[in-house]
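*Asks:* Protein chains in written order, with the UniProt record's numbering: chain A, 1 to 176; chain B, 1 to 166.
Some clues are possibly wrong.
[As the list claims (entries may be wrong)] No farther apart than 30 Å at their CA atoms in a straight line, the calculated lysine-lysine pairs in the DSBU-like style are these:
#, chain 1, residue 1, chain 2, residue 2
1, A, K163, A, K40
2, A, K126, A, K36
3, A, K110, A, K40
4, A, K40, B, K10
5, A, K99, B, K81
6, B, K10, A, K126
7, A, K36, B, K84
8, A, K99, B, K84
9, A, K61, A, K145
10, A, K144, A, K36
11, A, K61, A, K36
12, A, K36, B, K81
13, A, K36, B, K10
14, A, K110, A, K36
[To be verified] So these bits of chain B aren't anywhere near chain A, every CB distance computed over 12 Å:
#, residue
15, K10
16, V15
17, L45
18, L114
19, W115
Just so you know, these hints were derived from the structure itself, not from any lab.
Glycine included, each C-beta is placed from N, C-alpha and C at the ideal position.
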Amino acid sequence: MMRYLLPLFAFMVLAAFLLVGLTLNPRQVPSPLIDKPAPKFQLNHLHQPDQIMSSDENLGKVWMLNVWASWCVACRDEHPLLVQLARTGIVPIYGLNYKDERNTALQWLKRYGDPYAISIVDSDGKVGIDYGVYGVPETYVIDKKGIIRHKQIGPVTVDSLEKTIIPLIKELQQQA
Amino acid sequence: MVRQFNGVMKAAAFVLVLFLLIPLTGWSKEAVPVAENPEVEKRMLLLTENLRCLVCQNETIADSRADFSNDIRREIREQIKANKTDPEIIQFLVDRYGDFVLYDPPIKPTTFLLWFGPVILFVLGLGSLIVYLRRRRVQIEDVSLSQAQLEEAEALLNEDKKGKNV
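Could you build all of it, start to finish, from the sequences and the hints given here?
*Replies:* Here is the structure:
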């Protein structure tokens with residue numbers, strides 16, 4: 001009996017591993033920046049290029065940094081959700097316009113709506129490297145002390161907003 | 001008349017084709033070197049051969065044509081020019097992208113299974129092979145025939161021989 005059960009058991013263990021493997025997304029590489037201070041930046045505004053935004057301006061509030069580009073197709077998928085989220089006023093969203101051209105970026109925002117408190121420009125992708133960006137869109141939740149608490153790789157979904165991001169933001173806003 | 005016109009057209013077409021050939025032969029330049037500084041380039045390539053491109057995950061940053069790899073190569077070139085050491089540059093990337101960028105992950109508790117898993121599997125496999133071979137040897141020995149069975153078998157074989165002779 002054991003003779004026949006043992007291979008079956010081995011097969012079931014293998015199948016279980018493969019089954020778990022199927023549900024994993026190889027594109028979701030956990031970021032080492034979680035629970036680390038958000039990299040500092042000084043970047044020009046997209047709308048008023050002569051103005052500069054510093055990441056320190058946002059100390060003391062919970063905010064979201066959304067990395068996007070007009071050439072990024074998946075950004076279009078998540079964009080209506082960001083517009084909706086911005087309307088609720090739960091959290092200010094800052095847009096990092098990543099390796100884009102100013103004019104097309106401005107047109108894109110006009111066409112699809114502008115959810116961003118401020119849009120800033122990272123034309124050569126330097127700040128993107130600091131934030132470990134590799135697949136736009138990416139979204140970071142940063143707490144009052146300037147610590148990155150969550151990173152969403154790929155488009156934000158209703159599911160990820162309702163189950164993870166919004167509860168986390170509310171929790172972080174309670175903290176001193 | 002039409003035939004003459006055709007001839008002129010053909011000649012014109014031929015001349016046009018000749019014109020097309022001119023830039024290919026006349027104005028080809030020597031290939032511009034990719035990097036201004038071959039030493040920086042060499043060090044950059046050595047480094048990036050062991051780094052994974054996060055966009056096209058089974059390619060090294062040295063091989064990949066992705067925009068991401070382009071940016072990382074540029075970043076590494078700049079850091080080499082700024083006199084950063086190799087470990088400093090690797091650490092810079094690990095801080096941002098995690099151990100996943102390394103094709104050679106460091107040995108630490110989270111990677112124990114990765115490093116020692118194959119050894120554990122090998123030991124398990126070897127163990128079960130030894131147990132299996134031992135059991136089989138016992139089984140083979142058990143099957144040996146008794147004296148009476150041997151005689152019976154011999155008798156049967158002889159009978160067969162007789163049968164064939166007939």
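*Asks:* Does each hint fit the structure? Answer for all of them.
*Replies:* Structure-based check of each hint:
1. A distance of roughly 28 Å separates the Cα atoms of K163(A) and K40(A); the hinted pair therefore holds under the 30 Å criterion.
2. At most 30 Å may separate the alpha-carbon atoms for a hinted pair to count; K126(A) and K36(A) meet this at roughly 18 Å.
3. Proximity of K110(A) to K40(A) is assessed by CA-CA distance (about 28 Å); at most 30 Å being required, the pair is judged to hold.
4. A distance of roughly 68 Å separates the Cα atoms of K40(A) and K10(B); the hinted pair therefore is violated under the 30 Å criterion.
5. For the hint pairing K99(A) with K81(B), the CA-to-CA distance comes to about 23 Å; that is within 30 Å, so the pair holds.
6. Taking the CA atoms of K10(B) and K126(A), the gap is near 57 Å; set against the 30 Å cutoff, the hint is violated.
7. Distance hint between K36(A) and K84(B) is fulfilled; the C-alpha atoms sit about 23 Å from each other, no more than 30 Å.
8. For the hint linking K99(A) to K84(B), the alpha-carbon distance of about 26 Å falls within 30 Å, and the restraint holds.
9. Simply put, K61(A) and K145(A) have alpha-carbon atoms about 8 Å apart, close enough for the 30 Å limit, and the pair holds.
10. About 13 Å separates the Cα atoms of K144(A) and K36(A), which keeps this hinted pair within 30 Å; it holds.
11. With a CA separation close to 16 Å, the supplied pair K61(A) and K36(A) stays within the 30 Å bound.
12. Of the supplied pair hints, the one linking K36(A) and K81(B) holds, its CA atoms being roughly 28 Å apart against a limit of 30 Å.
13. Proximity of K36(A) to K10(B) is assessed by CA-CA distance (about 73 Å); at most 30 Å being required, the pair is judged violated.
14. Straight-line distance between C-alpha atoms of K110(A) and K36(A) comes to about 34 Å, which puts the hinted pair past the 30 Å bound.
15. Residue-level check passed: K10(B) sits 47 Å from the nearest beta carbon of chain A, beyond 12 Å.
16. Every Cβ of chain A is farther than 12 Å from the Cβ of V15(B); the closest lies at roughly 42 Å, confirming the non-interface assignment.
17. The non-interface label for L45(B) is consistent with chain A: the shortest C-beta to C-beta separation is roughly 19 Å, beyond 12 Å.
18. Consistency note on L114(B): stated as away from chain A, and its beta-carbon is indeed over 12 Å from all of that chain's, at 14 Å minimum.
19. Its beta-carbon lying about 18 Å from the closest one in chain A, W115(B) satisfies the requirement of being farther than 12 Å from that chain.
Checked against the numbered hints above, the structure breaks hints 4, 6, 13 and 14 and satisfies the rest.
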